[in-house]
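S.K.: What follows is the residue order along each chain.
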Amino acid sequence: MKNFYRKVAFGLGPDEKVPSDPLIWATNQLNDIPEFSWKGKILPEKKLRTYYREWVYGDRKVLRKKYKNDKDAYKREKNKLRHATGQKFWWNLELCIRYSEALKSTSPVLAKLWYFWGNHFAISEKDFLAQYTTGAYQREIIRANMNQNFEKMAQEATIGWSMIHHLDNEQNIGPKSQEAQWAREKGKTKGVNENHARELLELHTVSPDCGYTQEDVIQMAYIMSGWRPKWGKKRLETGDVHFNPDAHEPGTKTVLGKKYKRGRKSLSVAITDLVNHPSCRKFIAMKLCRYLITDNPTEEMMQPIIKAWEKSDGFLPEVHKAAIEVAFNYSDKYNKFQNPENWLLQMSKMADVDLIPSPSFMDLYQLGNKPIKDQRSLERLMDELGQHPYLAKQPNGWSDISEDWMSPELLIRRLVYAREAYYKKSGKSQTTEFYEEMIEKNYDNSGEILKIIDQHRELVHKHVILFNLPETLKS
Amino acid sequence: MKISRRNFLKGSATTLFLAGFNFPVLANTDKKKNLVVIMLRGGMDGLCAVPIIGDKNFEKKRKDLILDETIKLNSDFALHPKLKNFHNLWQNNLGAIVHATNIPYTKRSHFDGQNLMETGGHTPYSIKTGWLGRGMKLAELKGDGLALALPMPLLLRGIPSNDNFYPSKKRLPRTELLQLLKSVYTDKSEHDLANMMEIIANRSMMNNGGTSMSRKNSSLAYKAGLELKKINGPRVAVFEVDGFDTHAAQGGVNGSHSDSLIEMDSIFKNLEKGLGSEIENTLVLTLTEFGRTIKQNGGRGTEHGYGSAIFMAGGLLKKSQVYTDWPGLKRKELFEGRDLNSTIDARSVYASAMSTVFDIDFKRIQKEVFWGDKLQNLSEKLFKS
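These protein sequences, in sequence, are chains A and B.
When we follow this note's numbering, the leftmost residue of the first sequence carries the number 517, and every step to the right adds one.
When we follow this note's numbering, the leftmost residue of the second sequence carries the number 5, and every step to the right adds one.
Hints in this document: simulated from the structure, not taken from any laboratory.
One or more hints might be untrue.
As the list claims (entries may be wrong) - If you want the footprint, here are the derived chain B segments under chain A, 3+ residues with CB under 8 Å:
{"hint": "1", "region": "171-180"}
{"hint": "2", "region": "184-194"}
{"hint": "3", "region": "197-205"}
{"hint": "4", "region": "304-313"}
Said to hold, decoys possible - Subject to a maximum C-alpha distance of 20 Å in a straight line, what follows is the list of computed SDA-like cross-link-like pairs (lysine to any residue):
{"hint": "5", "chain 1": "B", "residue 1": "K173", "chain 2": "A", "residue 2": "E900"}
{"hint": "6", "chain 1": "B", "residue 1": "K174", "chain 2": "A", "residue 2": "G902"}
{"hint": "7", "chain 1": "B", "residue 1": "K192", "chain 2": "A", "residue 2": "P986"}
{"hint": "8", "chain 1": "A", "residue 1": "K581", "chain 2": "B", "residue 2": "N258"}
{"hint": "9", "chain 1": "A", "residue 1": "K642", "chain 2": "A", "residue 2": "N912"}
Owing to the predicted nature of the structure, the values given are computational and were not obtained by experimental measurement.
Ideal placement from N, C-alpha and C gives every residue a C-beta, glycine not left out.
Excised from the complex, chain A in its bound form (with noise of 0.2 Å):
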């Protein structure tokens, strides 16, 4: 049963109670969004997007000209422009507004309930956008929605800057519409771009079990022509998401039987018959299982998940206590592999690793400077542990597959970076004590742990032993 702490968050720390019921102590941390617990700097996503603005237009449209002939210069020049537009710095700090809530706040349960859906609607590796602004969008637009309906969150990640520009709705202009005429007059051809509209069905809402075909993708594709960021040549294509009738495809379109009239309502009819589909929360019950439980869900897990969101019309707070208790009632029985972001965490947590550089530390930096080695370490633990959030390669986001992170190789980052983590704990974690009370806490076979590691002296051995057992790899 103790993995269940494990299971939906990532274990007690030290200086947690053990809960008189862990039911109770998990559901009642998903009603209410609470304030972030990172106590440094946070900025808001328009904040960010202008940094991007400033990056994208000054190498786009000054420095490559400017430099044209001069490599070695565009290359100075341009990391001058990194820093002044804190490239490598606020990805750095998200990471840390993220972690803090996995570590150090009331809600761990929530926090890993968030990395499933910011993983859900991802916004994959492209561009610099997990440089300047992917971790705010998975603040504002889907943490902001975990105390809301599933709808809303699939509205505004849909009309997000962030997934609209990620999956090139920009480029998606009505082969019929008033701009694609325009462009006819001067010899040029412009069209529908799918690629939105399918990851909108495939990916965020129905998938592919609801049976759509490749003309529904086509005029969904349709129904979402014109929605893309006001362009304005200083701010290129980081303006606000707005709903362009020139790029609109006129008529009526049909989407899995439904009929749409034309114009900026349509996309957002649309998408309710989406999220309304029985396909959609099926979907979406058969991915939390799969995140919390088991590679392979079975339909009496998924069930009541499915009535939760039936009965509360997709009110993610009860999706996400349905879904706990279903991981409460299967926790001795099935043990999932945890991917390397949940992994360390975990191990942050029970062990008290000092995983997150301090606020006040992190709010040192200046623009335009170069971020000292250690206000960028979670960028690079991330990147070396295989799984930096905000960069999966693929819309569908990080695989939630256990085989997917099985081997050799990520096997070797486990053992060598669990070996780092324990010596960034404090002096006081770094006794025997501290380890036989922490194994106590979190593991059902803590006798039998304890064994285990006792074959090795030393305690960082002990350490890296416990956190590369199979009880810990899968919870």
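Chain A is already provided as a structure; the job is to place chain B on it using the hints.
M.R.: Below, chain B without anything else, positioned relative to chain A:
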């Protein structure tokens, strides 16, 4: 354009049919042969990499993406000008291309498509092993696979104990600790973990004098070449190149599609460098989920399409040639009126390659790796026995 619809590949299917009556005579098995697969993720544009010469439909549909100064391969096809290393191989009869080919997947989703290119199946996510892993299992090549990536690709799954190499910047813990973990994994029946720990404890590539190594594909390819060259080294290696999904700003010679092609080209070069003369006993193949639309889109990019091309390299090739059953680019010749068609099931090429490199009868591979699907035996056409 001089090319007409060719049917020589159909001819080889007849040969196969006849050959099927006899018990196959397999090549001598005393030399170690290697198979390398480079996965090109995002949808490689076969028409950008290997453009057709003098086709008006093509030139009209992507006028902003036409390349200058391509390298002429024959009267019908040219090569992307940045693929210099591949061209070198071509000139030495160590490079060939299969064109207008793809896995039998037409729905244009990256995730489904990449899943199928690795499993070789028909329904996304229904198969949990890769065609290469299954082929290796048939050939009993346990512990002979090497992935040059941090996660283990699905393509290699189906046989345990594969290795991967993507150098860590820190040193491993002491051997006793690794051995203890291995025995705990074994005691707890965690066989996958135990297998991996065995590989870690024995690995030789880690020892690099304490200096951290580059993880660029070019550098990994050199290292992989050295490993494949060893008589006891791996016999299969898998690379991944990302970034082929160029919906926007695909560009011409210096565009974003070129960047990914150049990365692929650097793998050819450095594999050859590492392999030395063992390039003669090696076959390198590319694999992608689909090609791209012929027509450029509004953002000077291309959309997800269907037919693409396979690059092949190494001394196990018969000769330098573009193999194709060219379907044409007129509207009615296109798949769904928009994409280059696929006239050769790419899996025929992969099955034939495994038959050649693993010395296994094609029919067995067809039956046990690809569920008896209708595939052509191209081994004799494309590869040396």
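S.K.: Would you mind marking each hint as holding or not holding in the structure?
M.R.: Results for each hint:
Judged by the Cβ-Cβ criterion of 8 Å, the region 171-180 of chain B is covered by chain A as claimed, because 8 of its residues qualify and three suffice. Under the rule that three or more residues need a Cβ within less than 8 Å of chain A, the assignment of the region 184-194 of chain B holds, with 6 such residues. Residues of the region 197-205 of chain B with a Cβ under 8 Å from some Cβ of chain A number 5, which satisfies the need for three, so the listed coverage holds. Coverage of a stretch by a chain is defined here by at least three residues with a beta carbon nearer than 8 Å to that chain's beta carbons; for the region 304-313 of chain B and chain A the count is 3, and the condition holds.
This hinted pair checks out: K173(B) and E900(A) have alpha carbons roughly 8 Å apart, not beyond 20 Å. Under the criterion of a C-alpha separation no larger than 20 Å, the hint pairing K174(B) with G902(A) is consistent with the structure, at around 14 Å. Between K192(B) and P986(A) the CA atoms are separated by roughly 8 Å; this keeps the pair inside 20 Å, and the hint holds. Straight-line distance between C-alpha atoms of K581(A) and N258(B) comes to about 16 Å, which keeps the hinted pair within the 20 Å bound.
For the proposed pair K642(A) and N912(A), the alpha carbon gap of about 13 Å is at most 20 Å, so the pair holds.
Of the numbered hints listed earlier, not one is contradicted by the structure.
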